[in-house]
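Protein sequence lines, in the order shown, are assigned to chains A and B. Sequential numbering from 1 applies to the first sequence in the working numbering. Sequential numbering from 426 applies to the second sequence in the working numbering.
Calculated from the structure, these hints are not laboratory results. Ideal placement from N, C-alpha and C gives every residue a C-beta, glycine not left out. Keep in mind that a hint or two might mislead.
One side only, chain A facing chain B, incomplete, derived with CB under 10 Å [as the list claims (entries may be wrong)]:
#1 Ser-57
#2 Ala-67
#3 Leu-69
#4 Tyr-184
#5 Lys-188
#6 Ser-211
#7 Thr-234
#8 Val-317
#9 Met-376
#10 Trp-378
#11 Leu-397
#12 Gln-398
Protein chains: 2
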Amino acid sequence: MQEQAQRPHVVIIGGGFGGLEGAKKLGSQPLRVTVIDRTNYHLFQPLLYQVATAALSPADIAAPLRAVLTKHENIEVMLADVNSIDVNARKISTGEQEVAYDYLILATGSRHSYFGKDEWEKLAPGLKSLEDAVELRRRLLMAFEYAEKITDEAARKAAMTFAIVGGGPTGVEMAGAIAEIARYTLDKDFKHINPSDARVILIESDGRVLSGFPEDLSASALKQLQSLGVEVMTGVRAENLTEEGLEVKGQFIPSRVKVWAAGNTASSLGKHLGAPVDRSGRVMVNDDLTIPGHPEVQVIGDLANFPHQTGKPLPGVSPVAMQQGRHAAANVLAMLDGRRPQRFWYWDKGTMATIGRNKAVADLRWVHFSGFIAWMAWLFVHIIFLVGFRNRVAVLLQWAWAYLTFNKGARLITRNFQAELRPPA
Amino acid sequence: MQEQAQRPHVVIIGGGFGGLEGAKKLGSQPLRVTVIDRTNYHLFQPLLYQVATAALSPADIAAPLRAVLTKHENIEVMLADVNSIDVNARKISTGEQEVAYDYLILATGSRHSYFGKDEWEKLAPGLKSLEDAVELRRRLLMAFEYAEKITDEAARKAAMTFAIVGGGPTGVEMAGAIAEIARYTLDKDFKHINPSDARVILIESDGRVLSGFPEDLSASALKQLQSLGVEVMTGVRAENLTEEGLEVKGQFIPSRVKVWAAGNTASSLGKHLGAPVDRSGRVMVNDDLTIPGHPEVQVIGDLANFPHQTGKPLPGVSPVAMQQGRHAAANVLAMLDGRRPQRFWYWDKGTMATIGRNKAVADLRWVHFSGFIAWMAWLFVHIIFLVGFRNRVAVLLQWAWAYLTFNKGARLITRNFQAELRPPA
Chain A
1 MQEQAQRPHV VIIGGGFGGL EGAKKLGSQP LRVTVIDRTN YHLFQPLLYQ VATAALSPAD
61 IAAPLRAVLT KHENIEVMLA DVNSIDVNAR KISTGEQEVA YDYLILATGS RHSYFGKDEW
121 EKLAPGLKSL EDAVELRRRL LMAFEYAEKI TDEAARKAAM TFAIVGGGPT GVEMAGAIAE
181 IARYTLDKDF KHINPSDARV ILIESDGRVL SGFPEDLSAS ALKQLQSLGV EVMTGVRAEN
241 LTEEGLEVKG QFIPSRVKVW AAGNTASSLG KHLGAPVDRS GRVMVNDDLT IPGHPEVQVI
301 GDLANFPHQT GKPLPGVSPV AMQQGRHAAA NVLAMLDGRR PQRFWYWDKG TMATIGRNKA
361 VADLRWVHFS GFIAWMAWLF VHIIFLVGFR NRVAVLLQWA WAYLTFNKGA RLITRNFQAE
421 LRPPA
Chain B
426 MQEQAQRPHV VIIGGGFGGL EGAKKLGSQP LRVTVIDRTN YHLFQPLLYQ VATAALSPAD
486 IAAPLRAVLT KHENIEVMLA DVNSIDVNAR KISTGEQEVA YDYLILATGS RHSYFGKDEW
546 EKLAPGLKSL EDAVELRRRL LMAFEYAEKI TDEAARKAAM TFAIVGGGPT GVEMAGAIAE
606 IARYTLDKDF KHINPSDARV ILIESDGRVL SGFPEDLSAS ALKQLQSLGV EVMTGVRAEN
666 LTEEGLEVKG QFIPSRVKVW AAGNTASSLG KHLGAPVDRS GRVMVNDDLT IPGHPEVQVI
726 GDLANFPHQT GKPLPGVSPV AMQQGRHAAA NVLAMLDGRR PQRFWYWDKG TMATIGRNKA
786 VADLRWVHFS GFIAWMAWLF VHIIFLVGFR NRVAVLLQWA WAYLTFNKGA RLITRNFQAE
846 LRPPA
């Protein structure tokens, strides 16, 4: 322990894709690593929508950080909320304690942005955390229970109208999954309503859904969504939100359950570095991921704005975060060796989005897939990358079961988990 | 539908073991059945302690009532909280609506009793609902996280001392599972504490643990608990509880996390029937499960006091509830046929309790088992009875994985699921 304490100390804030990859690469190296996160688990965010739509359980897509990193003697995990960073003193503070570092990797990601209308968050939750997902699952399932009980036709219709704001991958996945649940999973379970009557409306301000994808795949995604009965509205914005519905192009659409999948804002910790940030709060990093004047500080993943490769910021997706995490770790090792940090290059293997059973789009740059083949590719990649062997088997089994039977395994409405994250009481 | 509305209407309140068995038996019979529950799922309560100790996920031990009963055209599921029963008008009320019945089966079970000290509930949660289990899991895991961070030795010891009040099956299961988690699952995951140093204290006011079991099995359970390092205190009571600990025999034991597994009180709906109730609120039923003067009303499971077979009330265990549920359904069918309800006889196949890996006791009346054989029997019975095929496979897989690796799959600390059960918003 004495000897270890002399070793250079690397602090990684954030145990997401970027932070975790960085930590693993620094495991068993001659330095001390502290990974700090607000939660005790690494979350496999790309499958969060499956928790929100009752296909998977929270534990299926979350792996305890301590368990994932336990084999590395030199890595310590700390459950804490970092509230300030002092880059000159090389210290971070959690309120309870201060932690000094020699190298810092900041990987705290992003949250939803409601474009200044923070009061909309309660009306239309986003989908970033397990808590978000469980809350959306509750609203979704409760909407059908509520519709089953009431007799007022207008109120029943409003309860069975689901509006998703934002037609990127998350919005498309949510819209498809909700449509599937209504049409295939719940369809025979009610006596007074027909769940297949549910309306699912996807609202995208851009001219097409999945606007980050090539146009042919956007068109294919639109067709696949429509085949599930999703009503897609493009080129329009949600102008106002209330408990009862939302306003689009001056028209009011009654809808009790609304989902927010539009716009991100970077973690506020980015503003503590003294480095320039962009409009959504992302840190403008150098081409080696360090920040101006502080080569010992690197910013990665959704929190970083990295425009040096394509002229535009790299997208906020897990492959970017993972590659940057490994690169930042390599930079630390280089600096320890007296070498300079290296320029980062993103190796883009393509992107995919899933829409439903046998429905997806995949852009592998040299070839575009849609439908069944894209869906199989999506399944394969997501199983492979899901952290932890147990989770992979459990998820595979539940997907197989859901595929064969159209049943969803996690249809629980749970309420009032009062507990906040605080010392045990 | 017109024709169906003419059929006699059976209302079953409570979708636990008793209510669900009764409903299934009435499925596809020439009557209408409404099953009313506060939650949208049937909970497999005997495995709740495995959710509390991070071995299983909530969805593994809960099956949506609608899905379980979907194949019976004549059964309707209603998600609602019944707040009054009028046995003369033959109506129940949920606040939102009134439901008339021809036959009523009341199966709303029991909650914890804190013997008048309701303020202890926050200090030492019990284990009846999924919310309870997730809250206990959070406290348990947070205790180790907290101990890892603080430096004060006394506070650290208090955080790592777990007190379980009540040495019945639930208390014994919780004590064994917490000891196992500390010694085998978490043991290598921390840098500043050794989780195996955790103290687990089981407090039982009776002279022995598992006092409902034969003496030789109590003695065996005690030995098995001690082999896991559990400190068992018998013949003593928790005299006072505070945030910081509890008082036993005038001595204060510092302990942040406390679990309540002592004492039950019956659901308050039992008091609406006009029938006599016992000290813990259970309804004194006739020997055919009906209540005096109202053959159309039957009470089953934990809510019923049935002393007609042994002179003492039958125990509050699932086999009693299930047999009574089927019997009550048969009584309804008999009365519809113009016959009289029949006397209920409980067929007691024995009882079991598990303590940990390879550790359990089983009393099959004609033979007593303990250790590995009892544990295998316990596993077998619980897998067989776990409702729903998917759950069985998922649970089996997780148990096999946990057995081979000592890993727990659901080590999540989740916080502040704000949402209450109310219309979607």
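TODO: Double-check Ser-211(A) for me: the hint is only fine if its C-beta lies closer than 10 Å to a C-beta in chain B.
DONE: Not OK, violated: Ser-211(A) not within 10 Å of chain B, min 30 Å.
Task: Per-residue hint verdict: Thr-234(A), partner chain B, C-beta under 10 Å - done: Hint on Thr-234(A): violated, closest Cβ of chain B at ~26 Å, above 10 Å.
Open item on the list: Hint validation: Ala-67(A) versus chain B, beta carbon distance must be below 10 Å. Holds or violated?
Closed with: holds (6 Å)
- [ ] Against chain B, run the beta carbon of Leu-397(A) and see if the smallest gap drops under 10 Å.
- [x] This hint holds: Leu-397(A) lies near chain B, its Cβ roughly 6 Å from the closest one there, short of 10 Å.
TODO: Grab the minimum C-beta distance from Val-317(A) to chain B and call the hint holds if it beats 10 Å, violated otherwise.
DONE: Result: violated, 24 Å to nearest chain B Cβ.
Task: Interface hint for Gln-398(A), Cβ within 10 Å of any Cβ on chain B - done: holds (7 Å)
Open item on the list: Less than 10 Å between beta-carbons is the criterion; does Ser-57(A) satisfy it with respect to chain B?
Closed with: holds (4 Å)
TODO: Double-check Lys-188(A) for me: the hint is only fine if its C-beta lies closer than 10 Å to a C-beta in chain B.
DONE: Holds - the Cβ of Lys-188(A) comes within 10 Å of chain B, reaching about 5 Å at its closest.
- [ ] Using 10 Å as the Cβ threshold, decide whether Tyr-184(A) counts as touching chain B.
- [x] violated (13 Å)
- [ ] Identify whether the interface hint at Leu-69(A) stands, where standing means a beta carbon of chain B within less than 10 Å of its own.
- [x] This hint holds: Leu-69(A) lies near chain B, its Cβ roughly 9 Å from the closest one there, short of 10 Å.
- [ ] Grab the minimum C-beta distance from Trp-378(A) to chain B and call the hint holds if it beats 10 Å, violated otherwise.
- [x] violated (22 Å)
TODO: Let me know if the C-beta of Met-376(A) comes in closer than 10 Å to any C-beta of chain B, holds or violated.
DONE: Given a least distance of 22 Å, the restraint on Met-376(A) is violated.
Comparing the model with each earlier hint shows violations of hints 4, 6, 7, 8, 9, 10; every other hint is respected.
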